[in-house]
Each structure stands twice: as C-alpha cells, then as structure tokens.
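Chains as they are written, first to last, in the numbering used here: chain A, 1 to 287; chain B, 1 to 256; chain C, 1 to 382.
Source of the hints: derived by calculation from the structure; they are not laboratory data.
Fair warning: this is a prediction, and the values are worked out from it, not measured in the lab.
Note that beta-carbon positions come from the ideal geometry of N, C-alpha and C, so glycine has one too.
Treat the hints with care, as some may be off.
Claimed, not checked - Taking lysine-lysine and the DSS-like style, the derived pairs with C-alpha atoms no more than 25 Å apart in a straight line are:
{"#": "1", "chain 1": "C", "residue 1": "K297", "chain 2": "B", "residue 2": "K127"}
{"#": "2", "chain 1": "A", "residue 1": "K247", "chain 2": "C", "residue 2": "K151"}
{"#": "3", "chain 1": "C", "residue 1": "K316", "chain 2": "A", "residue 2": "K80"}
{"#": "4", "chain 1": "B", "residue 1": "K19", "chain 2": "B", "residue 2": "K112"}
{"#": "5", "chain 1": "A", "residue 1": "K112", "chain 2": "C", "residue 2": "K297"}
Claimed, not checked - Stretch by stretch, here's where chain C covers chain A in the computed footprint (C-beta under 8 Å, at least three residues):
{"#": "6", "region": "135-149"}
{"#": "7", "region": "218-229"}
{"#": "8", "region": "262-269"}
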Amino acid sequence: MSTIFDGLSLGAIYALIALGYTMVYGIAKMLNFAHGDIIMVGAYAILTTLAAGGHIGLALVVAVVTCVIFGIVIEKVAYKPLRGASPLAVLITAIGVSYFLQSIAQIIFGAKAQTVTVATFGTVSIGTAEISISSIITLIVGAVIMAGLTLFVKNTRTGRAMLAVSEDRGAAQLMGINVNRIIMITFAIGSALAACASIFYLMQIPSTEPTLGSMPGIKAFTAAVIGGIGSIPGAMIGGVLLGVIEKICLSIPVLAPYTTAVEFAMLILILLVRPIGLLGKKRREKV
Amino acid sequence: MSDIVLKTENLGISFGGLKAVDNVNIEIKRKQLYGLVGPNGAGKTTVFNLLTGVYQPTTGCFYLNGEKLTGKTQEQINHKGIARTFQNIRLFNNMSVIRNVMVGLHNQPEFKCNPFVSLFRLPRHFKTEKAMREKAKEILRIFDLEDERNNLACNLPYGKQRKLEIARALATNPKLLLLDEPAAGMNPYETEDLMKIIRHIRDEFDLTILLIEHDMKFVSGLCDEITVLNFGTVLAQGKTEEALNNPEVIKAYIGE
Amino acid sequence: MAKLKKIKISDYFCYIMVAAVMLVSFVVAQTGNLPRSYSNLLVQIAYSIILAVSLNLVVGFLGELSLGHAGFMCVGAYVGSYIAMQLAEVIDNKLIVLLLSMIIGGLLAAFFGFLVGLPALRLKGDYLAIVTLAFGEIVRTIFKNMSVFGKAMGLSTQAIKYDTRKDTSLYLVSFITVLVVLFFVQNLIRSKHGRAITAIRDNEIAAKAMGINVTFYKLFVFVIAAFFAGMAGVIYGHYTTPVLYSFFSYNYSIEILVMVVLGGMASINGSIIAAALITFVNFQLQSHLSGDQAALKYLIYALILIVLVIFNNAPKLAPIKDKFSPKTLLVKAKGHRHPGEIRSDTGDWRVIPSKIKMDEVLSVDLQQNTEFTPDKPQKGGK
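Bound-form chain A, shown alone (with noise of 0.2 Å):
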C-alpha cells in the first residue's frame, strides 16, 4: 500500500516533467532534451535562496522565475536559430544544453551533492501504511496543476492558439497566429511546470547535484512516450504509471537492481508495439 503511494507521489512528479516535455514535442516538435536539466536549475534556485535566508514561498517564486527565464533564453539562442533544420540537429543541440547546465552547475556549485531541507513533514498512518504527508501533498498539488492546466489549453486564447501551432504550424502562421510567441510561452510554461517539479523532488529527496535531472528527465521522456507524446492527459497516466511501477520494481529484491533496465525496456517494447503510446494521435507520411 505505501509502495503504491510512494509510486503514485514520484509518478506526479514524472508526470510534471513529462508534461513539459509532451507540450514542447507537440508544438515546437522537437525533443527537449535540457529539460530535465531546467529541475536541476530551479533545485539549485532553491538552495540559493533558502541559504540566503529566504522563506520557503520565496523560493518556490524564485524558483520559478529562475526557471521561466532560463527556459526562454534557451529557446531563443540555442532551439530559434535551427527552427526548419532537421530534428536531429536540434536533439543534438538540445544534448549540448543539458551539458551546458549540468558543466555550469558544476563549476558553480561543485559536483558534490548539497542537502537542501525544503520543509520537514511528517507521515500519518492509514490502516497499517505509514505514508508521508510530502507524498501527500506532492499528489494533490501535481493533480490540481495538470487539471488548470488543460483548462488552460481547452479554454483561452493562447490555449486554443497552442493546439492550432501544434496541429499544423504553417496553417496557424497563416491564421495569423505568433508561432514564435505560442512556442516561447510553451517553453515559459515547461520551465515552470519543471520548477515545480524541483519543489516536490526536494520534499523527497532532499539534496541536490549538478547531474541530478538527467535520470528523471530521460525518464520523463519515457513517461510522456508511454502515455503518448502531444498528449497532456497521455503524459499525466504515463507518468503516474512510471512512478508506480519503479517503486514496485525496487520493492522486489529481485528486480530491485534492474529498475532502471525494466523501465527502459517498457520504453522500447511500447515504441515497438504502439509508437503512438496509449493516448496518443497516429499521423500518416505523405508521400
């Protein structure tokens, strides 16, 4: 029962970053591979503030911010220039960012690991489960930011203009829609949703590296596959469903050294069975 609990807390936490991933794919098509590594950033926000001195709400808002602008500047210099270039191009450039943070955190902040105490909650017991009240508190804040999100996407302009862009771009440009403003938001929106992530990752495990958003990044990734990429709802059952089944894979002697292997292996067995993941839209070439 905690098993699943914990999967279901670390799942609403992959579910986050996926979303960030997912929204990024679906509009500006390309894979953002630096993605896991804007967590890393708002971690490192975090830290920052709270040494200083800060309340916990001012680092979140920090964070944040931090995070929103890192995510545009990168948009602008590194993915804009090679907008209409070939996807591996931009994946590899997006490779290069991740580097980037992560060499920069480095030599910044060192490469040791830096304990961060986000806030210290205890657990409450539920039947014979003790389950933490971060784990808690992680879930319902993860499920209220997904729902206001595809509210967000159903509901406003913007919303509305994002699907457009991701639907058919050229055609959206024509409607006379800011593609270039549409992806920016998208990016701003990724980065906040990744500092969010940060927060809840730091009320789990509560220290800090400059590598430290690589493995959920890429796990992420796999989570937005598995739900199928583009969709919000798709990233958010992927997610949740990669959390559960590493937390049940580590509570298995056996297979507790290959959890990393299982959930890859999931990765691949779904590209080659269903590349679309379990919600997600099929597109035909045009020949």
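Dock chains B and C against the given chain A, drawing on the hints supplied.
What follows is chains B and C alone, placed relative to chain A:
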C-alpha cells in the same frame, strides 16, 4: 491477352471511411502511353501509391503481366518491374547526379555484388563499379544530363531534376514506368523536349508508361488512351479525345 | 570517354594520417623516449577513432542518431575481456588471444547491434535516438548486476592487461586495428552498398521506390558499427582494469557523438582528426584539472555541440555561409559557373541529414504494416 501489361481490378482504398480511390479498372497494353488525369484531389497520386505498394488497397487488386502484385512491398514491386517518379521531387539531394542513377541500377542482376566483396575490395567490386558507371552515363546521355553528372542533384534546375528522376526510375529497368506530373514546372520548350524523350525511351526500352499530368496539351499529344478520375472514381475512360470531350469530364473541370 | 585513372591522395588521406602517427610513435618508442603516458594516450586515441568512425557510419551515412554507442563498446569490453582471460589460459601467445577476443567480442556486440537495428526499422529520428539511449543504459545495468563480471566492482582484467611499463606494443596493435577498420569502412562507403546507404539517408521513400532493401541496409549498418565498437571495447579491456560499467554511461556515447559532430557528418577524415583531438584535450585536461574544474571538459563538449550544430544547420545562416565558404570563393576565383560542382559524394557533409521533415517527425512508418489501418479524421482536442 499477353499484351496487357497492367491490369487493375476494382482497385480501391479508403481512409477512415473516405473512399480516396474506388473501383478503378484500368488495362494498359504493352508499349502504350496511358494518361491518368483529373482535378486536384481526384486520387491520381493515390493510385500510384497503390500500384507501388506505398499503400495497400482495401479492395481489389492489380496485375503486372498477369502476375498479381497486391500485398507486395515497395521493394518487391520495384523488382517485379514497376518504377515511379514523385510529384514532389524526391531525389537523393546530397549525392551527385550520376550516383543518383547508380542507386537506380543497384538491383540489376548484371551488377550483383555481395557486400563482403565490397568490404574486402575484391576485383569483382571494381568491375561492378566501372560497369555501373558506364551504364549510368549511357542513361544520362538519353536525358542530356551527361555533362551534369558530377553536380549535386539538389543544384540542378527544376526541369533537369524532373528528368533526373525519370532517368533514375529508368535505371531500375522497369516494365511499367509511372510518371507523376513529369512536366510540372517546365517551360514549353522543355515540355516539348520531354515528350520526345518519353517516346524515345518507350521505344528504346520497350516500356509501358502510365502518367499523371495536368497539362492537357501534353496528355493529348502523348497519350492515346486516358482515364479521368474525379473524387476517386472513374469518370471517363478510353481514347484521349473522346474522354476529354465527355460532358461529365468538362463539368468536373469547369463546373456547371 | 576514356579517362586516365588517377590515384587521388585525398582518397587515401586517412590511412596516411593514421599510419604516420603510428610510425612516428613506433620510431620514438624504439629510441626509448616514448613516455608511458603517451603510449596510453595513443591507445585511447586508437579506440576513440574506431568508435567515432563507426558511429559516423550510423549518424553521418545512414542518418540515424544513435545515443547508445558506448553500449556496444560495453558488450565488447566485458565479454571480449572475459573471453581473452579464458583463452589466455589455453593459448600462450598474447597477440593471438587479443585478436581472437577482438573478433569474438566484436561479433557479440554485432549481435546487439542487430537487436538495436530492429527498432530502427520502425522508428526514426528522436524516437530511435531515445531507444538507443535506453539500450545503452539497459546493457550497462545488466553487466553491473552479473556476478561473472564482478558486479559493481567491475571485471578485473589484470591477467590480460598490457602493462604499459614493460610492453608498449598495445598501441601498435590498436593502430593496426584502426587501419583495418578504416579499410573496411572506406570500402563500404565507396561501393554500391555505401551508395544505397546514403540514398536511404537522403530520401528513404525514394530509396524504397528504387527497390533498395532498406531493411537489410539499416540492419547491416547497425551490425557493422556495433562490431567495430565491440572491437574498440576489447582494446579498452586490454588497456585498463577493471572494466567498469560506469565508464560506458550515456555521457560516453555523447562524447563519441561530439567527435562525430566536430569532425563533420559523413566525413571519415574529420572523425579521425576530431577523435584524436578530443582525446588529446581530455588527456591534458585530466592531468591538469582536478575536482569540480573537470566539468570544463563537458562545458567544451557542450559548446562544440551547440555552436557547431547551429552554425552548420541554421537555415538563416545558410546564405551567409554560402557567400564566404572556401568552395564558393575558390569557384569565384577560378570563374567556374557551377558552385555545386564538387567531386565528393557526400554533399555538405557538416549538415545533419534531414530525411525527416519537421511535420513528419511524429509520423510512424505505417508502410511497414501489411494490414492497413485507416487514419482517424483529426479532431481538435488532445
């Protein structure tokens, strides 16, 4: 009977309920120049995609020289003798003109060469390469592209790119050649030239040619029989002049 | 049109380059002046060249991004070294053991290459890149947990390791291997098969329509590239101990990718020079930097990737580049009319092949399915 190269039987495909091509029956005789015309979106290119295995038909089938080819992959269909060009030119842009044609020659039995022979650079490898180069030059000469052979394909002017695509398709030694809007974007002089070339390769290589074209002068100057498609169905079929003067066809093109 | 066959030095440049390095270092070694650290560096350069050249086959010639190349090396290093240690007990000659284990390690890596090649038949672009990355991580995790290979302690290869203090011959063997690999790679890309592979890169749909067996060639490239990477792994196993899973992380795959990007897509000479350069710079950085400053290495990688890729691929920069490219300037000076007239087949080899158009990225190769699945009409919500 044995004179019929391509025969389609009730060929059809639907995309999510929309019948893109429905019930198309075409018979093309050996060495015939056959036209496929129709307004935009009539399903002409879809017919080509069906005949080359890009799409699998939902209904019906087609035969090449009496052999059923429905269900085969694109590669297999090419080996059996159907080659095509594309409406939106698809050359190997970062390769030289001659190498584009040499890729077309890849599967010809006289140029068979095991990958391991090439890996070890056995004499066979050099012999094959040389023979392929000569053959490719020969084909390029027909299209008056020999002097351009070392240029990159993407640097050719548009009309020459269209011709190169035909040359490349011809290199696969087809029995039936499918040309998708071969004269699109060409000036009248180039079009005239292309008509000559098409007739020439038909005679020289004993080819049967099915072509899609919007330029009616081109079609009526070249094809003796045509099929007119509209909304995926056959509107008229038969001798070019008669089919083009069919009231239904005129209505489809010009409206009421 | 009989033309005299000229031997073009540029065709053999890569062999000359590698052989020259090998001979010079051999002569220096004979005089006894080759520092131990430099014979180590030479071995590192050798296996890096093999890795970069073989990855270039996949990325530059086939046009698929592989982020799991270190995984193949991992297979070769673990399995090849293990087999070498078994063989060493039977066969006395060190060289024969090395060669045999190199072939066996390479073959096993090639088998894994085949496995990774299978998804490549259905997936393209970003998706395939992620699958290769996942593959690399899976391989690493499995080797980390196998007790035969020493679990988290790694496989100790002390028994077969070349002690560079007494025996500097490993770099000779490695460089000869490099020459052999180059021989095969050059032959492959200059044959009809190489043409077929570049045709698939340039336009897969057209290649299929020309009757090219895309399935075969994709698998072939992955298998060959994995074989060579496996051989590089076996050399690595003979050079250092223990063979440790953590070395083969995706960071190392990216390091190889940096070499390929720096050297230029589909440029063998470029890959060789870049591999040597990166390895050399690494070597210098490692001996001069410590602790957190070591991140400088990755900062350099990052800048290489970002700056080079943007410079070579940004659509807006293309006209500016055209104006000032040495090729155009040369043509202008000579007064030729065709700026495109260049002898090489690879085109602008620095540009990353874009056989996938932006709007086709998400499309999955439906043509593989024999059964036709109709696509749904597009709906607004997602």
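So, going through the hints one by one against the coordinates:
Of the supplied pair hints, the one linking K297/C and K127/B is violated, its CA atoms being roughly 48 Å apart against a limit of 25 Å. Distance hint between K247/A and K151/C is fulfilled; the C-alpha atoms sit about 23 Å from each other, no more than 25 Å. Between K316/C and K80/A the CA atoms are separated by roughly 10 Å; this keeps the pair inside 25 Å, and the hint holds. Pair hint K19/B plus K112/B does not hold up; C-alpha atoms about 42 Å apart against a cutoff of 25 Å.
Our distance criterion of 25 Å between C-alpha atoms is met by K112/A and K297/C, whose separation comes to about 17 Å. Check on the region 135-149 of chain A: 0 of its residues sit with their Cβ under 8 Å from a Cβ of chain C, so the three-residue criterion for coverage is violated. Residue count for the region 218-229 of chain A with a Cβ under 8 Å from a Cβ of chain C: 5. That meets the three needed, and the coverage hint holds. Under a criterion of three residues with beta carbons nearer than 8 Å to beta carbons of chain C, the stated coverage of the region 262-269 of chain A is upheld, 4 such residues being counted.
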